[in-house]
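K.L.:
Single-letter residue listing:
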Amino acid sequence: MKILLVDDSRTIRNIQKNILAKLEHKEIDEAADGVEALVKLDEFSPDLILLDWNMPNMDGYTFLQTIRKNGVKTPVIMCTTEAEKTRVVQAIQAGANNYVVKPFSTETMAEKIEQTMKKVAAGA
Amino acid sequence: MDVRYINPFVKSIKNLFQTMLSTNVAFGRPFIPSPDDDWRTDVSGVIGFSGDASGAVVLVFSMDTATKLASQFAGTTMDSDHPDFSDAIGELANMVAGGAKPEFEGLDISISLPSVIIGKNHELSNSRVHPGLVIPCDTTLGSFRVHVSMKIEKLATVGASS
Chain V
1 MKILLVDDSR TIRNIQKNIL AKLEHKEIDE AADGVEALVK LDEFSPDLIL
51 LDWNMPNMDG YTFLQTIRKN GVKTPVIMCT TEAEKTRVVQ AIQAGANNYV
101 VKPFSTETMA EKIEQTMKKV AAGA
Chain Z
1 MDVRYINPFV KSIKNLFQTM LSTNVAFGRP FIPSPDDDWR TDVSGVIGFS
51 GDASGAVVLV FSMDTATKLA SQFAGTTMDS DHPDFSDAIG ELANMVAGGA
101 KPEFEGLDIS ISLPSVIIGK NHELSNSRVH PGLVIPCDTT LGSFRVHVSM
151 KIEKLATVGA SS
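Protein sequence lines correspond, in order, to chains V and Z.
Here the first sequence is numbered in the numbering used here, starting from 1 and rising by one per residue.
Here the second sequence is numbered in the numbering used here, starting from 1 and rising by one per residue.
Hints may contain errors.
[To be verified] A few chain V residues that face chain Z, going by a derived Cβ cut-off under 8 Å, partial list only:
| # | residue |
| --- | --- |
| 1 | Ser9 |
| 2 | Pro56 |
| 3 | Asn57 |
[Unchecked claim] Derived DEER-like restraints, expressed as beta-carbon distance ranges:
| # | chain 1 | residue 1 | chain 2 | residue 2 | range |
| --- | --- | --- | --- | --- | --- |
| 4 | Z | Lys120 | V | Glu43 | 26 to 34 Å |
| 5 | Z | Asp38 | V | Gln90 | 41 to 49 Å |
| 6 | Z | Asn121 | V | Lys73 | 35 to 43 Å |
| 7 | Z | Gln18 | V | Val35 | 29 to 37 Å |
| 8 | V | Lys26 | Z | Asp36 | 51 to 59 Å |
| 9 | V | Arg68 | Z | Gly142 | 43 to 51 Å |
| 10 | Z | Asn24 | V | Asn18 | 18 to 26 Å |
| 11 | Z | Gly51 | V | Arg68 | 36 to 44 Å |
| 12 | Z | Gly119 | V | Asn57 | 39 to 47 Å |
[To be verified] BS3-like cross-link-like pairs, simulated, lysine-lysine; straight-line CA separation at most 30 Å:
| # | chain 1 | residue 1 | chain 2 | residue 2 |
| --- | --- | --- | --- | --- |
| 13 | V | Lys17 | V | Lys85 |
| 14 | Z | Lys68 | Z | Lys11 |
| 15 | V | Lys112 | Z | Lys151 |
| 16 | V | Lys17 | Z | Lys14 |
| 17 | Z | Lys151 | V | Lys22 |
| 18 | V | Lys112 | Z | Lys14 |
| 19 | Z | Lys120 | V | Lys85 |
| 20 | V | Lys22 | V | Lys112 |
| 21 | V | Lys22 | Z | Lys120 |
| 22 | V | Lys22 | Z | Lys14 |
| 23 | V | Lys118 | V | Lys69 |
| 24 | Z | Lys154 | Z | Lys11 |
| 25 | Z | Lys11 | V | Lys17 |
| 26 | V | Lys85 | V | Lys119 |
| 27 | Z | Lys68 | V | Lys17 |
| 28 | V | Lys112 | V | Lys26 |
| 29 | V | Lys17 | V | Lys118 |
| 30 | Z | Lys154 | V | Lys26 |
| 31 | V | Lys17 | V | Lys73 |
| 32 | V | Lys119 | V | Lys2 |
| 33 | Z | Lys154 | V | Lys22 |
| 34 | V | Lys85 | V | Lys73 |
| 35 | Z | Lys68 | Z | Lys154 |
| 36 | V | Lys2 | V | Lys69 |
| 37 | Z | Lys14 | V | Lys85 |
| 38 | V | Lys69 | V | Lys22 |
| 39 | V | Lys119 | V | Lys22 |
| 40 | Z | Lys151 | Z | Lys11 |
Note that these hints are calculated values from the structure, not bench results.
Built from N, CA and C at the ideal position, the CB exists for glycine as well.
Assemble the whole structure, with the sequences as input and the hints as a guide.
P.N.:
If you want it as structure tokens, here you go:
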């Protein structure tokens with residue numbers, strides 16, 4: 001499974017890569033903001049996107065709105081410090097498939113990825 | 001600043017360090033900084049608040065503690081010359097601020113992107129606009145301080161979700 005990591009923090013992307021490597025996910029690409037992620041979406045064609053909210057140039061929420069408006073159905077898990085219920089609802093309404101609040105554990109990340117891909121496979 | 005505003009940050013720091021650094025934090029008694037105190041430090045991670053609250057949270061470390069915490073967080077050895085050192089410190093500050101935010105129920109608070117100041121013995125001044133409180137934190141990797149300066153712009157229910 002190809003996974004695109006979108007986060008302006010390289011530390012977080014590296015932490016996510018380490019977790020994904022433990023989960024046997026090795027096809028990974030990265031973007032540091034929404035603008036770069038739009039390019040990577042075309043070039044890399046990911047099966048899943050882990051998406052931060054607060055980023056420079058284009059934030060994750062705007063990126064999500066943009067790709068859903070363009071008919072892109074790639075599953076998206078928001079991975080952000082934005083933990084308020086209002087933000088979660090906002091992201092789900094914009095087309096996020098799941099939500100991980102930072103700080104996250106390896107177990108939480110594994111569970112959310114599995115949950116998301118199962119839901120997508122079931123057509124939910 | 002209302003001392004009740006400290007609890008969301010204590011809870012957030014505790015959760016961050018347990019979840020991503022596998023480290024417990026012992027908290028000292030929060031105090032009001034005095035101009036007579038020595039505020040020289042080596043590494044500061046800053047996040048600003050805007051919207052229904054204004055101010056900032058600043059994580060303040062000695063270089064030794066900062067490199068140990070950044071290394072533990074990132075899962076790789078980091079010194080201050082490492083290209084991701086400031087990024088790691090900024091992300092720690094981001095998670096502390098982000099984790100505290102939901103505890104201020106009913107407030108729409110935005111947080112800034114992190115800023116990191118690295119410089120031996122730089123001085124941190126307490127804001128006259130938003131006088132704050134300092135939370136002393138101690139871990140097995142070293143001690144650090146968290147300065148919280150926050151002004152709530154509208155009535156909030158703090159910590160109701162905890």
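K.L.:
Determine for every hint whether it applies to the structure shown.
P.N.:
Cross-check of the supplied hints:
no.: 1; hint: Ser9; in the structure: 5 Å, holds
no.: 2; hint: Pro56; in the structure: 6 Å, holds
no.: 3; hint: Asn57; in the structure: 11 Å, violated
no.: 4; hint: Lys120(Z) - Glu43(V): 26 to 34 Å; in the structure: 43 Å, violated
no.: 5; hint: Asp38(Z) - Gln90(V): 41 to 49 Å; in the structure: 44 Å, holds
no.: 6; hint: Asn121(Z) - Lys73(V): 35 to 43 Å; in the structure: 54 Å, violated
no.: 7; hint: Gln18(Z) - Val35(V): 29 to 37 Å; in the structure: 35 Å, holds
no.: 8; hint: Lys26(V) - Asp36(Z): 51 to 59 Å; in the structure: 56 Å, holds
no.: 9; hint: Arg68(V) - Gly142(Z): 43 to 51 Å; in the structure: 45 Å, holds
no.: 10; hint: Asn24(Z) - Asn18(V): 18 to 26 Å; in the structure: 22 Å, holds
no.: 11; hint: Gly51(Z) - Arg68(V): 36 to 44 Å; in the structure: 26 Å, violated
no.: 12; hint: Gly119(Z) - Asn57(V): 39 to 47 Å; in the structure: 28 Å, violated
no.: 13; hint: Lys17(V) - Lys85(V); in the structure: 27 Å, holds
no.: 14; hint: Lys68(Z) - Lys11(Z); in the structure: 22 Å, holds
no.: 15; hint: Lys112(V) - Lys151(Z); in the structure: 36 Å, violated
no.: 16; hint: Lys17(V) - Lys14(Z); in the structure: 24 Å, holds
no.: 17; hint: Lys151(Z) - Lys22(V); in the structure: 43 Å, violated
no.: 18; hint: Lys112(V) - Lys14(Z); in the structure: 23 Å, holds
no.: 19; hint: Lys120(Z) - Lys85(V); in the structure: 40 Å, violated
no.: 20; hint: Lys22(V) - Lys112(V); in the structure: 15 Å, holds
no.: 21; hint: Lys22(V) - Lys120(Z); in the structure: 38 Å, violated
no.: 22; hint: Lys22(V) - Lys14(Z); in the structure: 26 Å, holds
no.: 23; hint: Lys118(V) - Lys69(V); in the structure: 24 Å, holds
no.: 24; hint: Lys154(Z) - Lys11(Z); in the structure: 22 Å, holds
no.: 25; hint: Lys11(Z) - Lys17(V); in the structure: 27 Å, holds
no.: 26; hint: Lys85(V) - Lys119(V); in the structure: 21 Å, holds
no.: 27; hint: Lys68(Z) - Lys17(V); in the structure: 21 Å, holds
no.: 28; hint: Lys112(V) - Lys26(V); in the structure: 17 Å, holds
no.: 29; hint: Lys17(V) - Lys118(V); in the structure: 21 Å, holds
no.: 30; hint: Lys154(Z) - Lys26(V); in the structure: 47 Å, violated
no.: 31; hint: Lys17(V) - Lys73(V); in the structure: 23 Å, holds
no.: 32; hint: Lys119(V) - Lys2(V); in the structure: 17 Å, holds
no.: 33; hint: Lys154(Z) - Lys22(V); in the structure: 45 Å, violated
no.: 34; hint: Lys85(V) - Lys73(V); in the structure: 24 Å, holds
no.: 35; hint: Lys68(Z) - Lys154(Z); in the structure: 39 Å, violated
no.: 36; hint: Lys2(V) - Lys69(V); in the structure: 22 Å, holds
no.: 37; hint: Lys14(Z) - Lys85(V); in the structure: 21 Å, holds
no.: 38; hint: Lys69(V) - Lys22(V); in the structure: 34 Å, violated
no.: 39; hint: Lys119(V) - Lys22(V); in the structure: 22 Å, holds
no.: 40; hint: Lys151(Z) - Lys11(Z); in the structure: 19 Å, holds
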